[in-house]
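Protein chains in written order, with this note's numbering: chain A, 1 to 85; chain B, 86 to 323.
Because the hints were derived from the structure by calculation, they are not lab data.
Just so it is clear, the structure is predicted and the values come from calculations on it, not from any experiment.
One thing to keep in mind: the hints can contain errors.
As the list claims (entries may be wrong) - Pairwise CB distance ranges (calculated): (1) A/Leu28 to B/Glu283: 27 to 33 Å; (2) B/Asp259 to A/Thr80: 21 to 27 Å; (3) A/Gly33 to B/Thr264: 55 to 61 Å; (4) A/Lys31 to B/His314: 50 to 56 Å; (5) B/Cys201 to A/Ser39: 27 to 33 Å; (6) A/Met1 to B/Cys201: 46 to 52 Å; (7) A/Met65 to B/Val241: 42 to 48 Å; (8) B/Glu129 to A/Ile9: 40 to 46 Å; (9) B/Val241 to A/Thr23: 27 to 33 Å.
What the hints assert, rightly or not - Incomplete in silico selection of chain A near chain B, CB under 8 Å: (10) Lys14; (11) Gly21; (12) Arg70.
Claimed, not checked - A few chain B positions that, by computed beta-carbon distances, are all more than 12 Å from chain A: (13) Asn126; (14) Gly143; (15) Lys202; (16) Arg321.
Just so you know, even glycine gets a beta-carbon here, dropped at the ideal spot from N, CA and C.
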Amino acid sequence: MPEFLAEIIIEGKKNARDPEGETIMRDLMIKHGYDMVDSVRSGKILKVKLEAKDDKDAEDICFNMVNELRIYNPVAHVCTIKIVK
Amino acid sequence: MPMHVLVIQFSGSTCDRDLVNAMRNVMGWNVDFVWYQEAQNIIENYDAIFLPGGFAYGDYLRAGIIAAFTPVMKKVKEIAKEGIPVLGICNGFQILVESELLPGALIGNETLRFSCKWTNLRVETTRSSATNIAKKGDVWKIPIAHGEGRYYLDKVGLKQLNENDQVVWRYVNDEGETTKEANPNGSIENIAGICNLEGNIVGLMPHPERAAENIISPFNTDHGKSYFHSIENFFRRK
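Produce the entire structure from the sequences given, and follow the hints as far as they go.
Given below as structure tokens:
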């Protein structure tokens with residue numbers, strides 16, 4: 001079976017404050033001249049290599065996995081899955 | 086007969102011995118301190134189950150999530166349904182939330198720092214297994230020690246939590262008021278601990294086991310004992 005690389009991105013919901021993202025923007029980017037930056041959200045990325053029949057199959061496996069194993073907490077986070085190759 | 090309780094030790098539990106000390110030497114309880122793989126086989130035999138603080142599985146992925154998937158937590162869920170008190174302190178609270186035994190999420194402190202200090206907790210309900218000998222409005226001095234203790238729940242969930250009387254403690258100032266300054270981690274509505282609908286499952290971020298003896302309190306208090314006395318009372322009156 002072919003191998004795929006999935007990127008699973010976990011980030012906080014928009015209405016939950018993200019002090020890490022705010023600090024990176026305020027105290028690093030803007031303070032060092034990048035004042036065009038309007039917002040930053042921090043998060044976590046998991047790069048997962050897996051075998052699957054095709055892109056769709058790889059995405060379905062990842063979708064089931066993140067929900068079954070609570071890879072993100074749906075109360076506080078949103079999760080996106082991208083099959084990158 | 087003294088209470089007979091179980092403390093489940095996970096890989097990465099670090100506050101387990103403090104808890105055992107408080108319950109064994111301060112409360113005089115019969116405490117079994119058991120590795121999680123063995124605990125799943127004997128869990129039916131206890132008056133109360135405790136999930137201690139620490140960093141189970143290094144807090145990898147998210148505090149509490151990997152422990153939540155251990156077989157012993159399936160057993161904890163079964164026991165909890167029978168009404169046995171199940172108590173999670175700090176990392177134990179995170180495990181209860183990630184196991185979906187309690188609603189919500191515990192995310193990184195708003196300060197972005199690990200915070201270790203004494204806090205004031207106002208008792209919001211006396212129907213929980215950990216507050217039933219207290220009076221509503223009592224203020225307990227109990228220390229925190231955590232990096233991911235910011236309780237979060239969406240608006241709908243929060244409304245339900247309040248309406249169902251599931252908020253057990255809030256962080257308050259010395260006057261007993263919920264202020265921003267009294268909130269050490271940015272928890273929504275200053276929430277420090279909650280319970281399930283039935284009141285037997287209770288999660289709390291601060292550490293009552295570190296506040297059960299006057300000698301280790303800078304305020305000469307032992308408010309942590311009220312937590313343990315409540316659990317005993319809850320069990321006895323069942």
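We went through each hint and held it up to the structure:
For A/Leu28 paired with B/Glu283, a C-beta distance near 47 Å fails the hint of 27 to 33 Å. Remark: the range hint 21 to 27 Å for B/Asp259 to A/Thr80 is contradicted by a beta-carbon distance near 45 Å. Separated by about 37 Å at the C-beta atoms, A/Gly33 and B/Thr264 break the suggested range of 55 to 61 Å. At about 52 Å, the beta-carbon gap between A/Lys31 and B/His314 stays in the expected band of 50 to 56 Å.
The supplied range of 27 to 33 Å is met by B/Cys201 and A/Ser39, whose beta-carbon atoms lie about 31 Å from each other. For A/Met1 and B/Cys201, the Cβ-Cβ distance of about 49 Å falls inside the hinted range of 46 to 52 Å, so the restraint holds. Separated by about 27 Å at the C-beta atoms, A/Met65 and B/Val241 break the suggested range of 42 to 48 Å. Between B/Glu129 and A/Ile9 the beta carbons are some 42 Å apart, a value that agrees with the proposed interval 40 to 46 Å.
A hinted range of 27 to 33 Å for the beta carbons of B/Val241 and A/Thr23 is consistent with their spacing of about 29 Å. Contact between A/Lys14 and chain B, as hinted, is not supported at the beta carbon level, the nearest pair being about 11 Å apart and thus beyond 8 Å. The beta carbon of A/Gly21 is not positioned within 8 Å of any beta carbon in chain B (closest approach about 11 Å), and the interface hint is therefore violated. A hinted interface residue such as A/Arg70 counts as satisfied when its beta carbon comes closer than 8 Å to some beta carbon of chain B; here the least separation is about 6 Å, so the hint holds.
Distance to chain A confirms B/Asn126 as a non-interface residue, since its nearest Cβ pair spans about 24 Å, more than 12 Å. With a least CB separation of 14 Å from chain A, B/Gly143 remains clear of the 12 Å interface cut-off, as annotated. Look at B/Lys202: its CB is around 18 Å from the nearest CB on chain A, clear of 12 Å, so calling it non-interface holds up. Chain A leaves B/Arg321 outside its interface by the beta-carbon criterion, the shortest separation being 34 Å against a cut-off of 12 Å.
Violated hints for the displayed structure, listed by number in ascending order: 1, 2, 3, 7, 10 and 11.
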